[in-house]
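A.B. asks: Chains as they are written, first to last, in this note's numbering: chain A, 1 to 211; chain B, 1 to 211; chain C, 1 to 211.
Hints were generated in silico from the structure; no laboratory data involved.
Everything numeric in this text was worked out from a predicted model, so none of it was measured.
Hints are all accurate, no fakes.
No farther apart than 27 Å at their CA atoms in a straight line, the calculated lysine-lysine pairs in the DSS-like style are these: (1) Lys-135(B) - Lys-65(A); (2) Lys-181(A) - Lys-181(B); (3) Lys-65(A) - Lys-209(B).
Listed below, chain by chain, are the residues.
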Amino acid sequence: MAFRLRPHERGFYPLFTRAAENIVAAADELAKLVAAEPEARSEFADRVKDAEHAGDELTHEIMVKLNSTFVTPFDREDIYRLASSLDDVIDAMEEAADRIVLYRLGTLPPGIARQVDVLRRAAIATAEAMPGLEKMAQLREYWVHVNSLEDEGDDLYRSLLGDLLVPQPGSSPLDVLTVIKIKEIVETLEEATDAFETVANTVESIAVKEA
Amino acid sequence: MAFRLRPHERGFYPLFTRAAENIVAAADELAKLVAAEPEARSEFADRVKDAEHAGDELTHEIMVKLNSTFVTPFDREDIYRLASSLDDVIDAMEEAADRIVLYRLGTLPPGIARQVDVLRRAAIATAEAMPGLEKMAQLREYWVHVNSLEDEGDDLYRSLLGDLLVPQPGSSPLDVLTVIKIKEIVETLEEATDAFETVANTVESIAVKEA
Amino acid sequence: MAFRLRPHERGFYPLFTRAAENIVAAADELAKLVAAEPEARSEFADRVKDAEHAGDELTHEIMVKLNSTFVTPFDREDIYRLASSLDDVIDAMEEAADRIVLYRLGTLPPGIARQVDVLRRAAIATAEAMPGLEKMAQLREYWVHVNSLEDEGDDLYRSLLGDLLVPQPGSSPLDVLTVIKIKEIVETLEEATDAFETVANTVESIAVKEA
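This is chain A alone, in the form it adopts within the complex:
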């Protein structure tokens, strides 16, 4: 760890770590929701909503600190992008949880639980990487990992869309309103995966500049 000329504001690091840990908590509740019986889902959706509120406060804290700090540890736009994309992740998770309950869906296609599992693993990887921002340690590995999770998410997404919209011969097709509802949910979960990729790309961008 090199001597630093600029004694910059260190308070950003723990906030990013807390934001990422909060996303792990949201992902855990979302995983329980998609594994639960339909009538038990709303309790977990409430907890995802609570995590989303906690995330909003962390985002706001980061933005206030960003705007009131003269020398930031990395580029202002990188901090802004990192906070925004962490916020996008949890917003999409909350929206998916809410819609599953709102639309009173019955059994979900198993691919949705697999999408949520990808999100959980991306959340854990992100929470483990955040403390490394301060020391610029092992960030390359994290970036590669999230990019491969994003590929896994893409494949799941694509196969869910295919199953929904091109029913296999012999299977009983879903009614169209149900197709519309489930399509919205798998798209929202895919947005969360994409937002994790933006998080990882921003972290990489910070790491390369500091190298």
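Based on these hints, arrange chains B and C on the given structure of chain A.
C.D. replies: Using the frame of chain A, we list chains B and C on its own:
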């Protein structure tokens, strides 16, 4: 008002005020459109389109000024984000107006007029706040106000989606093509509300830096 | 060409040119795909996918160079935005190509081939403009051209939506699942057109600053 060391370009303030006032005009026409009989709608859609063109010119004027001004009154990226998000608001309003006419919809669900009313109030609040950018006055109040309007918009949006996709027992369900059309319109109006929140967050970010 | 005080990194220019030429290649394959018989489409979709992979590598190369270059030829955020929006163009093209095959669509509405033709022309205009970034030559003309292509794309998009969702009397309506599939594809192609406009606006922004 403190003495300023940098005699920076003041021409941005009136442009932002005009952009916001133009959005109020668009919101007024959109409110008339959703209150009108179906056959009277296209006239109001034309006026929303006119406002959108006027907004494009204002956005372009701001961007040209931004790119040719050496010392800007606030961060370049904040000016860019503010102009872009004001543009996003009016683009979404215009798209919603256009689609209601294009899709030849009959009676609209009453929730849509309530969404448009939230947009009108957010537009008025924004137009009233813009002159405050120069003096950094009363911006906190504005930010809180738009965030509460955004919450109100979210609740309306969610309840419109529920009504559309989970028909109440006893009510006659809409045909699926109509569901698809109305869903697109309520989503587009929700995008306009979200863009107002981005406007308010950017204003807050400018205010905190200047404080 | 004026004497430059800052001997800045010139390696960005050829990378942007290569990224734009790669998009021309993708657009050519996409044009062949939409002109082909359904059973011949997947071969062209594979080639669009290959171009998208090549584009990802170019984007990554630009970002790494951006993050490791101290003095960039233009604003960091402009380079970031230019690379990101070129990436958005090709991602949307690839997604459209993929979905046409995945959804096993039969004959496509002729408007889709026209959307792709607009994209091809925008891609060619962009590839021709990129070398001009270094000399700041003829960029205004390019910007005007892409903006008019974007208007043409908007009109096509709107008319495709109208035809899909408001079937003409006497025509046999599509089944709703097919409407959903085609709507997604025309929306994705429209996103590619919008991303070309962001490319052009960013180029204009760079040009004005340098003037």
